[in-house]
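In the numbering used here, the protein residues as written are 1 to 91.
Read the hints as simulated data drawn from the structure, not as lab findings. For glycine and all other residues, C-beta sits at the position ideal for the given N, C-alpha and C. Check before you lean on any hint, since a few could be wrong.
Claimed, not checked - Ranges of calculated distance between the beta carbons of each label pair, as one might list FRET restraints:
| no. | residue 1 | residue 2 | range |
| --- | --- | --- | --- |
| 1 | 6 | 42 | 20 to 30 Å |
| 2 | 91 | 17 | 16 to 26 Å |
| 3 | 42 | 77 | 15 to 25 Å |
Claimed, not checked - Below, a list of computed lysine-lysine pairs in the DSSO-like style, where the Cα atoms sit at most 30 Å apart:
| no. | residue 1 | residue 2 |
| --- | --- | --- |
| 4 | 26 | 91 |
| 5 | 71 | 91 |
| 6 | 71 | 26 |
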Amino acid sequence: MRTGLINEGYAVLEPASTYFLCVDLKASGLNADDETFATAAVEQARVATIPVSAFAEDNPSRHLVRLCFAKRDETIDAGVEAMARARELFK
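Throw the hints in and build the complete structure from the sequences for me.
Structure representation (structure tokens):
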């Protein structure tokens, strides 16, 4: 998933001992906060991301979304394709 997302132009943080990775929207050149991106991604590109700001009460980062990669290869491939569509929404 990480390689596929990087190939689609996303800045991806290196996952460490987890089933999740984070995409840095700002570093990816996208002008959208995490909630706006997540809503558009699921509604228009059909891929679910999790706004990282949902995990913080005070001064949350609003430029990161989280994805789960504990999936079958074909699901990962479809997710990367959907993330490419989601990226196009914010260019």
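Outcome of the hint check:
| no. | hint | result |
| --- | --- | --- |
| 1 | 6 with 42: 20 to 30 Å | holds, 22 Å |
| 2 | 91 with 17: 16 to 26 Å | violated, 33 Å |
| 3 | 42 with 77: 15 to 25 Å | holds, 18 Å |
| 4 | 26 with 91 | holds, 12 Å |
| 5 | 71 with 91 | holds, 28 Å |
| 6 | 71 with 26 | holds, 26 Å |
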